[in-house]
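Asker: If you want the building blocks of each chain, they are given just below.
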Amino acid sequence: DMKVTQMPRYLIKRMGENVLLECGQDMSHETMYWYRQDPGLGLQLIYISYDVDSNSEGDIPKGYRVSRKKREHFSLILDSAKTNQTSVYFCASSLGDAEQFFGPGTRLTVL
Amino acid sequence: QQKVQQSPESLIVPEGGMASLNCTFSDRNSQYFWWYRQHSGEGPKALMSIFSNGDKKEGRFTAHLNKASLYVSLHIKDSQPSDSALYFCAVTSSSFSKLVFGQGTSLSVVP
Chain S
22 DMKVTQMPRY LIKRMGENVL LECGQDMSHE TMYWYRQDPG LGLQLIYISY
72 DVDSNSEGDI PKGYRVSRKK REHFSLILDS AKTNQTSVYF CASSLGDAEQ
122 FFGPGTRLTV L
Chain P
-17 QQKVQQSPES LIVPEGGMAS LNCTFSDRNS QYFWWYRQHS GEGPKALMSI
33 FSNGDKKEGR FTAHLNKASL YVSLHIKDSQ PSDSALYFCA VTSSSFSKLV
83 FGQGTSLSVV P
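Respectively, the protein sequence lines represent chains S and P.
Sequential numbering from 22 applies to the first sequence in the working numbering.
Sequential numbering from -17 applies to the second sequence in the working numbering.
It is possible that part of the hints are untrue.
Stated by the list, open to error - In silico contact screen, one side only, chain S against chain P (beta carbon under 7 Å); selected entries:
| id | residue |
| --- | --- |
| 1 | 52 |
| 2 | 61 |
| 3 | 63 |
| 4 | 64 |
| 5 | 111 |
| 6 | 118 |
| 7 | 120 |
| 8 | 123 |
| 9 | 124 |
| 10 | 125 |
| 11 | 126 |
Claimed, not checked - Beta-carbon label-pair distances, calculated as ranges:
| id | chain 1 | residue 1 | chain 2 | residue 2 | range |
| --- | --- | --- | --- | --- | --- |
| 12 | S | 74 | P | 59 | 43 to 49 Å |
| 13 | P | -2 | S | 29 | 38 to 44 Å |
| 14 | P | 31 | S | 32 | 29 to 35 Å |
| 15 | P | 10 | S | 30 | 38 to 44 Å |
Since the hints were made in silico from the structure, they are not lab data.
By construction, the Cβ of each residue, glycine as well, lies at the ideal position given by its N, Cα and C atoms.
All chains, please: the whole structure from these sequences, using the hints.
Answerer: Here you go:
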């Protein structure tokens, strides 16, 4: 079953707290992505991972870091979350430059 | 840096009608062009891709690409209420794995 999963689906944090968003895929895709989606801005790429421990900044990496220790798992970390990081976060995976498969998203609210 | 712009921002079409979505991009070296669809509360899902100038038809959906004019479009024939969603145009940047998304067109198909 080709699937991208994200946990948690909803999260409320206070400003300054640390946040961990987790993503898994069962397709053995080497490339994984983290995006954020805000109304009117489309999907903005935060980080891209080409394989285990091979990560590259996307277009808006400031305030975020990532970890990929297993091919099927990709984490997004917000150290000391800010209110402007309130957003919906999507993880995706792909086989090279083929179709990207997206997870269901995590809605993060930072108060 | 690649810029992708979509129009219109929102579109209402009657059931059975034709929906036309437009997208312009800025990088003449762009290679791959995708249309993604996102239903409310879900992650985006790839609808179709087009790589060569001209038309590509898949069922009720036709994509058109004109690289010289920096333009790609999506036409949905015989629109159904289930087509109501947010539609994204996505274009590869200099790195083929990196997609740049437009801001989206919200399509509503009314009975």
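Asker: Now, for every hint given, state plainly whether the structure supports it.
Answerer: Comparing the hints with the structure gives:
no., hint, result
1, 52, "holds, 5 Å"
2, 61, "holds, 6 Å"
3, 63, "holds, 4 Å"
4, 64, "holds, 4 Å"
5, 111, "holds, 6 Å"
6, 118, "holds, 4 Å"
7, 120, "holds, 4 Å"
8, 123, "holds, 3 Å"
9, 124, "holds, 5 Å"
10, 125, "holds, 5 Å"
11, 126, "holds, 6 Å"
12, S:74 <-> P:59: 43 to 49 Å, "holds, 47 Å"
13, P:-2 <-> S:29: 38 to 44 Å, "holds, 41 Å"
14, P:31 <-> S:32: 29 to 35 Å, "holds, 33 Å"
15, P:10 <-> S:30: 38 to 44 Å, "holds, 40 Å"
In this structure, none of the earlier numbered hints is contradicted; all agree with it.
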